[in-house]
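Between the sequences and the hints, there should be enough to build the whole structure, so can you do that?
Start counting at 1 in the sequence shown, then tack on 3, and there's your number in this note's numbering.
No lab work stands behind these hints: they were computed from the structure. Keep in mind that this is a model prediction, so the values were computed, not measured. No residue lacks a Cβ here, since even glycine has one placed at the ideal position from N, Cα and C. Among the clues, some could well be false.
Here are the simulated lysine-lysine pairs, DSS-like style, with alpha carbons at most 27 Å apart [claimed, not checked]: (1) Lys368 to Lys155; (2) Lys368 to Lys353; (3) Lys353 to Lys341; (4) Lys400 to Lys208; (5) Lys353 to Lys400; (6) Lys341 to Lys155; (7) Lys208 to Lys192; (8) Lys368 to Lys400.
What follows is a list of derived Cβ distance ranges for each label pair [stated by the list, open to error]: (9) Gln24 to Asp402: 14 to 22 Å; (10) Glu427 to Lys192: 29 to 37 Å; (11) Pro150 to Pro46: 29 to 37 Å; (12) Arg286 to Gln257: 46 to 54 Å; (13) Val271 to Ala505: 43 to 51 Å; (14) Glu153 to Val271: 23 to 31 Å; (15) Ser34 to Arg500: 29 to 37 Å; (16) Ser152 to Asp402: 27 to 35 Å; (17) Gly28 to Asp424: 33 to 41 Å.
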Amino acid sequence: MVFPDPSHAPLPLVPTPASAQRGEGRLPLTSMTRIVGEATDAPVLIDAVAGRCGIRPEITSDQPQPGDIALRIDAGVAETGGYTLSVADGVEIVGADDAGLFYGIHTLLQLLGEGEEGWGWQRAEISDAPRFSYRGVMLDVVRRFYPVSEVKTVIDRAAALKFNHLHLHLTDDQGWRLQIDSWPLLTEKASTTSAGGDAGGFYTKDDYREIVAHAASRHITIVPEIDLPGHTHAIGVAYPDLVEDPVISDALAQSQAELGQDLPVAGVPFTGWGVGHSSVRIRQERTYDFVRDVLTELSELTPGPYLHIGGDESHGTSAEDFAYFVARVSAMVQELGKTPIAWHEAGAVKDIAAGTIGQFWGSLKPTDAHAAEAAHFVERGGALILSPSDAAYLDMKYDADFPLGLAWAGLVDLRRAYDWDAAEVIDVPTEAIAGVEAPLWAETVRDLSDAEQLMYPRIAAIAEQAWTSPETPERTWESFRARLGALAPLWQADGIRFHPTAEIDWSTR
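Take a look at the structure:
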């Protein structure tokens, strides 16, 4: 995209700030540039600058001089998570809190560019704060297992786009991914495979603690999910007495045949993609001993406020049994001092624990049933996280010919991922929307490169949906196209293997 007057071009920032004014020219970045003040997140800035241009600014306690980068915290400058950023004769970032300062640093990094006179910061005056408090990405670590190092990479890159929650989908029909001391066979017998028969794996408790700590260092909260009462075939591989025999519907048999995949067999690891065939034994008390033990150990490992209990696609469970289970388990989570999150189907349960947060994965134009299920969480004093599958699911194909992803929710090109408003999907008060989350399911993912091609650039569209109010002047598709294209050098420097969709004119420098 070409702007006749470069001074009128939008600043190359994603998500776009609440208020931003472009200044004239660049402030040079040199070997003399120093960082002054709050140094907690300074290493993130130093490493990123060094990775792009080889300059490593030093940290000093001296008074800032022209050309320096001054970092400080002042709760009065913005709302929680907000910041101000000034690039003039020097750089000053003032965060409303630690997170706000961190986000200001990442905005500054997007202003770094190389011109004829070398590296420098685009001069600008910015005031910014997030639209939603919950800005999430979901990683399906069951159908494709990501080692700790790759999870950390996902965390770093999500944080750079101002996401602040990582939802880890830890259990499903294809495997169990977290060490549970009280039920050791879960990882011994049910963690060895992934979708398509690929190798599996699991996180030890120390692995999980490492992920949680790294996420916290990037101002990201881990949201762990134990998917119940369906998506539980793997539990039966380890403990057959806890699950019912698979329910083989005509639709499941047909889909598995079309995919050339085997039907699920009780006690045998399942590597197919079919859903809805599994259920724990709802009326057996030992099931609740199991669930309580698992959630107790998980809550002890998880400092964040949320435990996700699943609740989706429980086609093998009667409505009566589903309601009994969800009401009991959502209350169990609250007894552990956590806030339960559940997929929107759990909103059909009249007595779901008050305050439970619903995660909506239906379409942008939901059915009446899905809309009612989602709204029930709000009626019970909870809130909603919006993840419409036909706009926010990162595993949907960009187009019919794209080699990765699925298309059951439709094709999701970049513009579709961008052009929707979280406040308009479900008829609830805006204040009842906790935020937005972009899930990446992993049926077709075989390595991190696959994941990145599905995530990027659409994850940037969801980041702007979550951070920026639609009333912001630059919150438009045309502006986004220009701003996103300018980020290509930054993504390339970070080693992100993004899909270069033709919807964007990608910058080369």
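Results for each hint:
1. Taking the CA atoms of Lys368 and Lys155, the gap is near 35 Å; set against the 27 Å cutoff, the hint is violated.
2. This hinted pair checks out: Lys368 and Lys353 have alpha carbons roughly 24 Å apart, not beyond 27 Å.
3. Distance check on the hinted pair: Lys353 and Lys341 sit about 20 Å apart at the alpha-carbon level, within 27 Å; holds.
4. In summary, the hint linking Lys400 to Lys208 is not supported, as the alpha carbons are separated by about 34 Å, beyond the 27 Å threshold.
5. Of the pairs offered as hints, the one joining Lys353 and Lys400 is violated, with about 36 Å between alpha carbons and a cut-off of 27 Å exceeded.
6. Straight-line distance between C-alpha atoms of Lys341 and Lys155 comes to about 24 Å, which keeps the hinted pair within the 27 Å bound.
7. Taken as a hint, the Lys208 and Lys192 pair is honoured in the structure, with Cα atoms around 17 Å apart against an allowance of 27 Å.
8. For the suggested pair Lys368 and Lys400, the alpha carbons sit about 19 Å apart, so the restraint of at most 27 Å is met.
9. In this structure the hint that Gln24 and Asp402 lie 14 to 22 Å apart at CB is violated, the actual value being about 37 Å.
10. In this structure the hint that Glu427 and Lys192 lie 29 to 37 Å apart at CB is violated, the actual value being about 46 Å.
11. A hinted range of 29 to 37 Å for the beta carbons of Pro150 and Pro46 is inconsistent with their spacing of about 23 Å.
12. Checked against the hint of 46 to 54 Å, the pair Arg286 and Gln257 fails, with Cβ atoms roughly 30 Å apart.
13. A C-beta distance of roughly 44 Å is found between Val271 and Ala505, which places it inside the suggested range of 43 to 51 Å.
14. The beta-carbon spacing between Glu153 and Val271, approximately 28 Å, falls within the hinted interval of 23 to 31 Å.
15. Here the CB-CB span from Ser34 to Arg500 is close to 31 Å, well matched to the stated 29 to 37 Å.
16. Look at Ser152 against Asp402: about 31 Å separates their beta carbons, and that is inside 27 to 35 Å.
17. For Gly28 and Asp424, the hinted distance range of 33 to 41 Å is satisfied, since their beta carbons lie about 36 Å from each other.
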